[in-house]
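Enquirer: Sequence:
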Amino acid sequence: LYFLIARFLQSGPCKKAAQILIEELEEYELVPQRWSWDGKIFKRSFQDWVVLNQHIPADYLLQVCRRISPLIEKEIPPSVPGVQTLLGLGRQSLLRTTKCTSKVCCGSAVAALHRGRPPEPSIMGARQATGSARFSQVLPSSSYQHMKIHKRILGHLSSVYCVVFDRTGRRIFTGSDDCLVKIWATDDGRLLSTLRGHSAEICDMAVNFENSLIASASCDKIIRVWCLRTCAPIAVLQAHAASITSIQFCPAARGTKRYLASTGADGMVCFWKWHSHSMKFDEPVKFVERSRPGVQVSTSSFSSGMFMATGGTDHMIRVYYLGAETPMKVSELDAHTDKVVVVQFSNNSDLRFVSGSRDGTARIWHYQQQEWKNITLDMTARLPTAVANGEDKTKLVVTMVAWDRRDSSVITAVSNYLLKVWSATSGQLLHVLSGHDDEVYVLEAHPFDPRIMLSAGHDGNIYIWDLSKGVKIRNFFNMIEGQGHGAIFDCKFSADGQHFSCTDSHGHLLIFGFGCSKPYEKIPDQMFFHTDYRPLIRDSNNYVLDEQTQQAPHLMPPPFLVDVDGNPHPPRYQRLVPGRENHKEEQLIPQLGYMANDGELVEQVLGQQTAENGESLLDNLIRQLQNEQDGAEAVASSPGVEPRRSGQVEGVWQMQHNSLRSQVATERDLLAWSRRVVVTEVVLEECRQAKSDLECSLYNAERRKKPVQEQERPEHSGDSSEDEAPWQSESSSDSSSEYSDWTADAGINLQPPKRLTRRPVRPAGYSSSEEEEGGDEDKEAKKKENKKKKKPKNTKPTSSLAGLNAEEWLPPSWIMETVPRRSPFVPQMGDELIYFKQGHQAYVRAVRRAKAYSINIQKQPWNRLNLRDQESVKVVGIKYEVGPPTLCCLKLAFLDPVSGKMTNDSFSLYHDMPDVIDFLVLQQFYNEAKERNWQP
4 LYFLIARFLQ
14 SGPCKKAAQI
24 LIEELEEYEL
34 VPQRWSWDGK
44 IFKRSFQDWV
54 VLNQHIPADY
64 LLQVCRRISP
74 LIEKEIPPSV
84 PGVQTLLGLG
94 RQSLLRTTKC
104 TSKVCCGSAV
114 AALHRGRPPE
124 PSIMGARQAT
134 GSARFSQVLP
144 SSSYQHMKIH
154 KRILGHLSSV
164 YCVVFDRTGR
174 RIFTGSDDCL
184 VKIWATDDGR
194 LLSTLRGHSA
204 EICDMAVNFE
214 NSLIASASCD
224 KIIRVWCLRT
234 CAPIAVLQAH
244 AASITSIQFC
254 PAARGTKRYL
264 ASTGADGMVC
274 FWKWHSHSMK
284 FDEPVKFVER
294 SRPGVQVSTS
304 SFSSGMFMAT
314 GGTDHMIRVY
324 YLGAETPMKV
334 SELDAHTDKV
344 VVVQFSNNSD
354 LRFVSGSRDG
364 TARIWHYQQQ
374 EWKNITLDMT
384 ARLPTAVANG
394 EDKTKLVVTM
404 VAWDRRDSSV
414 ITAVSNYLLK
424 VWSATSGQLL
434 HVLSGHDDEV
444 YVLEAHPFDP
454 RIMLSAGHDG
464 NIYIWDLSKG
474 VKIRNFFNMI
484 EGQGHGAIFD
494 CKFSADGQHF
504 SCTDSHGHLL
514 IFGFGCSKPY
524 EKIPDQMFFH
534 TDYRPLIRDS
544 NNYVLDEQTQ
554 QAPHLMPPPF
564 LVDVDGNPHP
574 PRYQRLVPGR
584 ENHKEEQLIP
594 QLGYMANDGE
604 LVEQVLGQQT
614 AENGESLLDN
624 LIRQLQNEQD
634 GAEAVASSPG
644 VEPRRSGQVE
654 GVWQMQHNSL
664 RSQVATERDL
674 LAWSRRVVVT
684 EVVLEECRQA
694 KSDLECSLYN
704 AERRKKPVQE
714 QERPEHSGDS
724 SEDEAPWQSE
734 SSSDSSSEYS
744 DWTADAGINL
754 QPPKRLTRRP
764 VRPAGYSSSE
774 EEEGGDEDKE
784 AKKKENKKKK
794 KPKNTKPTSS
804 LAGLNAEEWL
814 PPSWIMETVP
824 RRSPFVPQMG
834 DELIYFKQGH
844 QAYVRAVRRA
854 KAYSINIQKQ
864 PWNRLNLRDQ
874 ESVKVVGIKY
884 EVGPPTLCCL
894 KLAFLDPVSG
904 KMTNDSFSLY
914 HDMPDVIDFL
924 VLQQFYNEAK
934 ERNWQP
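The number in this note's numbering is simply the position in the sequence shown, starting from 1, with 3 added.
Hint data in this document are derived by calculation from the structure and do not stem from the laboratory. Please note that the accuracy of each hint is not assured.
Derived BS3-like pairs (lysine-lysine); straight-line CA-CA distance at most 27 angstroms [to be verified]:
{"#": "1", "residue 1": "K77", "residue 2": "K396"}
{"#": "2", "residue 1": "K151", "residue 2": "K224"}
{"#": "3", "residue 1": "K46", "residue 2": "K77"}
{"#": "4", "residue 1": "K276", "residue 2": "K289"}
{"#": "5", "residue 1": "K224", "residue 2": "K260"}
{"#": "6", "residue 1": "K894", "residue 2": "K882"}
{"#": "7", "residue 1": "K694", "residue 2": "K276"}
{"#": "8", "residue 1": "K260", "residue 2": "K151"}
{"#": "9", "residue 1": "K102", "residue 2": "K46"}
{"#": "10", "residue 1": "K276", "residue 2": "K260"}
{"#": "11", "residue 1": "K694", "residue 2": "K283"}
{"#": "12", "residue 1": "K854", "residue 2": "K840"}
{"#": "13", "residue 1": "K854", "residue 2": "K933"}
{"#": "14", "residue 1": "K332", "residue 2": "K77"}
{"#": "15", "residue 1": "K43", "residue 2": "K18"}
{"#": "16", "residue 1": "K396", "residue 2": "K904"}
{"#": "17", "residue 1": "K882", "residue 2": "K862"}
{"#": "18", "residue 1": "K260", "residue 2": "K894"}
{"#": "19", "residue 1": "K151", "residue 2": "K525"}
{"#": "20", "residue 1": "K102", "residue 2": "K77"}
{"#": "21", "residue 1": "K151", "residue 2": "K521"}
{"#": "22", "residue 1": "K894", "residue 2": "K904"}
{"#": "23", "residue 1": "K46", "residue 2": "K18"}
{"#": "24", "residue 1": "K332", "residue 2": "K224"}
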């Protein structure tokens, strides 16, 4: 320090003071001594000290003092920021510590210290002055910091991928991989009912807008519809040939006609028409969107009214209209270059939706001037202040998209664990939200607060975000004691915004909300019914009965509440079961018994003993039915779409005499349960009808406008979304592709040529009545034009076209085939084949001999590549050339014979199907032929 002070004084005007300080340093031997190699000590002068530290400038002490103040301000902020002084006091002192921080008291605290009345908040003053107050002032976003977890309930034995609230927010539905759908009470977490019937994992669930039905879709290819009032099965819908991927109730209401839409891994979209009064479901209207083998329709979304959009693995987005007599497809959009993983309509009726794809982009679609235009959101975009890092080279994938409540911004979840907030009108990146450590598949907007967004991911984190500021408000971590963290699979807000519930990979239901958690302390942590996993028997239409009691599950007596091991809970918990609230103490103690399970005796709940001596109503029904069927033929099962009523007993009703009397419903039980209400109904038909009418009027208005011609459109350069026009037109019906677009796994770029000019396309599925709404001048002009036209003479159809027979231009029979055949071979994208060089050479000789079309021998693959007699190849491109003759041009990529992976080499060839021995054989047929024992 002395050295720095002396050097500072030397560089300033105080030269004499510096000289005096140096003399005193040498006099009092404050200059460090030096040591010789033999250990002797020598004195050092101040000048020697300066030479030793030549890297220290004369103003070094001044520079140090300038740096101290900003560094301290970062750690401990001063009371007055920006003041640069070394002589501060208190909060401005350079020696301040964290203990010196003074607490700033709010106005109400200061008033309380002075024993005065708390001051009126600014909200009250604004309301008195203007009669209203801003929502952000009444409920600041910081209020959501008070949300907390009320209860974590273990209610399933497998992962729970689906959770949904009813329309009132008072009931929660969970669908799990254990094939069960459970109904919970939001306010206290009670388990109210279990819906049994599915035989595979639950894929999706939906509650209708009247709050009277719940539909659940499963991997068993079946949709089951239950009545929420009584939990009775309404319908079992079977139309899909593979797992169901999504299910949605249409919000539109036209009289009593309603629609339920489902999509499946079989590439089908089904619209199930049902009637709100009779609750009967008609046969579905099917759209088979399987453009090639393996195509799946993976996601769907309804608008506020009459439109539904779907996304598939074939990169296509399809839009359907439900306002006509039957649903119809009105658009196909092919802007994406990879699988479409999610589509989401906006909340308002403005014909906008956003789509997210694995190609690393999301697109905001808007219907305008007879076509769907879009804004591209590139996930590689960064904020202007962001710094590029080394992870920018990885391919980004959109995992989820969502709108805020006012549709002013779009939120996308990206595979690099970031959330990006975009402007819905310009496509500009507004905020980047970070915090997740794994992929995010849950984005949920607040039901009425446009600032609030909920996100959850496989890292177990649940975040509440303020979208207006781009900051985190609250964070929850799903830590499970002894099991690590549980991945969050789904999350939903209640209709009133007071609660939200999440489900995880360990079978838990998590209920969050404001206020006190005292009502949730009355329930146990593990809640199962003793009948949840009992076996079921099914009839030919997949309606189910409990195997032990031979009763429909919804007609069975109230079950007992047990834990995850099947042990019954104490009687105080048994009163939580609907129907057991007023039972006596002895009726709340279940009867335990021992059942054989894989050779072991397992203690489990059998039921309760009852003093009821009356015979069950079901016994009488079954006995009567058996008497009527003596000597008669078996009665046919009920239709597949007819609801099973409580009196139906055909198909699977067989009474087991060893079932307990307490598990069989009596006539009094049936009468009581027919009046119970598990979920109340909600009627908002007028509001939904108004939204539907608004959408239809907007759509029809845009259909009447002329589309912008191609030459009128301004040219744009650059790849970023900011350089593009606000709305770009994309429509698959206006572009053609020479190659199929399935090249995601091929690793080979097959960019199809695009049509440069647009042909006018009339919107499909609509009547021409709207054209008649034009002015009278157009009609008169058409009439005059028709009068001028002469009646054409009757002429015979020409038999030749450009000197050739017209029949030669017709497509050959192989291209018109609808039934798959083993031979001749018809190629499809992704086929793995064995290519025979000798057969290809024979084919070329046959073509030249017949002079079918010209072939350049020098361009054949065996002249350019070193081919073996047979090669393992894969079809990565298909192009059809309309003849005559009509040919198929294939692009084949080589497969490594050992690993089966594609190499970088490929070749193309022409292939004509009829009357030519196949030199391309499917690999499975080739392997089958090799394994066969051929004998002469």
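Enquirer: Each hint: holds or not?
Expert: Going through the hints against the structure:
no.: 1; hint: K77 x K396; in the structure: 34 angstroms, violated
no.: 2; hint: K151 x K224; in the structure: 38 angstroms, violated
no.: 3; hint: K46 x K77; in the structure: 43 angstroms, violated
no.: 4; hint: K276 x K289; in the structure: 11 angstroms, holds
no.: 5; hint: K224 x K260; in the structure: 25 angstroms, holds
no.: 6; hint: K894 x K882; in the structure: 8 angstroms, holds
no.: 7; hint: K694 x K276; in the structure: 20 angstroms, holds
no.: 8; hint: K260 x K151; in the structure: 42 angstroms, violated
no.: 9; hint: K102 x K46; in the structure: 45 angstroms, violated
no.: 10; hint: K276 x K260; in the structure: 7 angstroms, holds
no.: 11; hint: K694 x K283; in the structure: 25 angstroms, holds
no.: 12; hint: K854 x K840; in the structure: 21 angstroms, holds
no.: 13; hint: K854 x K933; in the structure: 35 angstroms, violated
no.: 14; hint: K332 x K77; in the structure: 60 angstroms, violated
no.: 15; hint: K43 x K18; in the structure: 34 angstroms, violated
no.: 16; hint: K396 x K904; in the structure: 24 angstroms, holds
no.: 17; hint: K882 x K862; in the structure: 18 angstroms, holds
no.: 18; hint: K260 x K894; in the structure: 50 angstroms, violated
no.: 19; hint: K151 x K525; in the structure: 17 angstroms, holds
no.: 20; hint: K102 x K77; in the structure: 15 angstroms, holds
no.: 21; hint: K151 x K521; in the structure: 12 angstroms, holds
no.: 22; hint: K894 x K904; in the structure: 16 angstroms, holds
no.: 23; hint: K46 x K18; in the structure: 24 angstroms, holds
no.: 24; hint: K332 x K224; in the structure: 23 angstroms, holds
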